[in-house]
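Peer 1: The task is simple: from the sequences and hints, build the whole structure.
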Amino acid sequence: MSSSARPSLEASYESLSLRYASLFAQVGAGALQRESERELPHEAVAWLDQAGFGALRVPRWAGGVGASVETTARLVADLAEADSNVAHLYRSHFGFVEGLHFQPEAVREHWYARVLAGETVGNASTERGGNALGELHTRLSPDGDSWLLDGSKYYATGSIFSDHTRVTVAVEGVDPTVIQVFAVVPTGAEGVVLEDDWDGFGQTLTGTGTARFDAVHVGADAVLSRQAGGSEAVHEEAFFQLYLLAVLAGIARAARRDAVATIAGRTRTFNTGTGLPFREDPLIQQVVGRISSKAFAAEATVLQAARALDEGLDAAAAAGADAEGYAGPVPYELSLAEIAVEQAQVIVPDLALGAAQQLFETVGASGTSISKGLDRHWRNAQTVATHNPVAFRARSIGDFHLNGTLPEGQHAVGEAPYSLAQGT
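Position one of the sequence shown corresponds to residue -12 (the working numbering), numbered consecutively onward.
Hints may be right or wrong, so weigh each one.
[Claimed, not checked] Listed next, with one range per pair, are the computed distances between beta-carbon atoms:
1. E348 x D208: 49 to 59 Å
2. R6 x E267: 37 to 47 Å
3. A202 x I334: 45 to 55 Å
4. A248 x A202: 45 to 55 Å
Hints were generated in silico from the structure; no laboratory data involved.
All C-beta atoms in this analysis are idealised placements derived from N, C-alpha and C, irrespective of residue type, glycine included.
Peer 2: See below:
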């Protein structure tokens, strides 16, 4: 990051951590009960919205804090240690705000003001099945000077807690492999239905589920677009993945925290052990050391990738920011930042899952009690780790190092058009 782009004291991690530490602790105090009773964290989200958590990445020129990607990732990890569900559900909002850095000036000013006022934006991009790769069934149709939105999405994480949701749409005559189009609609608008029907075994309180849109009115100023594979798409997609890795780093820290707390209060030992209290037993100490090291390595890897994204964003700004947003080819530094995030994605899930698994080496059968909820760390880490299969990222990294090939995604999710078995 260039010296001119470094955050002020108010945007530093140290300052913001002091500001949010007690609030994160308050959120964490109810995490186990919420998960045990499947109680959506509406109250916790309201606290964070009122405290301006969702506005961390609004630039200073727009009246925001202007926190760096690195600082934001550290705070997300802090929140994820307290409650990984609450941290995760803000991912869609932070991704939306991140994309604004590349939008035309009028769009940025409009949405930055709303975010500073406490409004949040969820996500509705993925269609559950039936759409071919590169095609969408959710559509915008002309309606005079505005539009009508129809369709259905799944994995609409965070939308049920948000004021708006950003919907990836098809528009007749627009090739989605060239231009991606989004409709940003109020979640309370007529024709919008959000369902809490996510049935995964982890991250159960993120509001992930179905979003339905039936003839929803969309104003012309609520339709955004970007070049597929352009700087905005590359940066936002890398940021989205980095955000999940920060959540995983927080989960690893939560496993370390609960291992220490469990051992500190344990007086019983095993007939096969040394007879020492667990906290004094060298073997148990070693396990805690390994858990701690995994948590440390996970967070260090995430923050290194975050610094690369900050540098890539600076390069994108220097390469052609003007009144109409960022233009021109993707800067090489931004592509390198994407590689950095992909490398982090290959290793961080294993670290977080390992920490969550080894937590059970520090307890006996009592550690599997549902009332303790220690299993939630592994379940939540595994659920987060399934986002964007690691195998594809590892292949991309290998291709880059062997052949210099920069990552190029499909920019869509859908039915594969080709099958080796069928030869078509």
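Peer 1: Give a verdict on every hint.
Peer 2: The hints, checked one at a time:
About 56 Å separates the C-beta atoms of E348 and D208, a value consistent with the hinted range of 49 to 59 Å. Hint check: R6 to E267, Cβ distance near 38 Å, so the stated range 37 to 47 Å holds. Between A202 and I334 the beta carbons are some 46 Å apart, a value that agrees with the proposed interval 45 to 55 Å. Restraint check, A248 to A202: a C-beta distance of roughly 52 Å satisfies the suggested window 45 to 55 Å.
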